[in-house]
Amino acid sequence: ETGVTQTPRHLVMGMTNKKSLKCEQHLGHNAMYWYKQSAKKPLELMFVYNFKEQTENNSVPSRFSPECPNSSHLFLHLHTLQPEDSALYLCASSLGREMALYGYTFGSGTRLTVV
Amino acid sequence: AQKITQTQPGMFVQEKEAVTLDCTYDTSDPSYGLFWYKQPSSGEMIFLIYQGSYDQQNATEGRYSLNFQKARKSANLVISASQLGDSAMYFCAMREGGGSNYKLTFGKGTLLTVNP
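Line by line, the protein sequences are chains A and B.
For the first sequence, the positions run 25 to 139 when the numbering used here is used.
For the second sequence, the positions run 9 to 124 when the numbering used here is used.
Derived from the structure by calculation, the hints contain no laboratory data.
Owing to the predicted nature of the structure, the values given are computational and were not obtained by experimental measurement.
Treat the hints loosely; a few may be bogus.
[What the hints assert, rightly or not] Here are the computed lysine-lysine pairs in the DSBU-like style, where the Cα-Cα straight-line distance is at most 35 Å:
hint : chain 1 : residue 1 : chain 2 : residue 2
1    : A       : Lys-64    : B       : Lys-111
2    : B       : Lys-111   : A       : Lys-65
3    : B       : Lys-116   : A       : Lys-60
4    : A       : Lys-43    : A       : Lys-64
5    : A       : Lys-43    : B       : Lys-111
Based on the sequences and whatever the hints tell you, model everything.
Here it is, written out as structure tokens:
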């Protein structure tokens, strides 16, 4: 148990489906992140939320829609995805004053396959 | 230009031997931090070790040490006495600046295989 929980662990969806990824942390962290991990590429930062406010949108297509209702929960809503969106989606959290020393706490990821 | 470069896509090491995983970085910011993470096949990223740009000594955490050469902008991870459980992907990452900068930039990773 890493302290950051992601559900579901695996997701297969069609290109016309709508689904959501969920991330939850009860570590008291104030910042939460979505990263995309594709094969043979560096992790790509998608979104950053700090105290529930979005502070970073790294030119992510609008078919990905994040939601952060509180500092403990982060969602990634998916609709009309493309096959190239298939990847491991990692959620992470951090606490401001500790982030400098410990970086992030990551979840185990959601393996998404778009068919 | 890539900010984090890991030139070794894959590395092999015999159990109980030491191995060095390479990482070079590029930044003009005088304040930065360097991290190494381990990602087993289960997917989660596990924090291993941290080195700050102003730290005078190389960081160590158990069997992990970071060979920090600031002038060469390298931050290699050394794993001593390798174990079978060390087989995983290893990622080098950098935080630039201080204060409220929460972003980490990652390299492409190195797949380490420990042979019995």
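Among all the numbered hints in the text so far, which are the ones the structure does not match?
-> none
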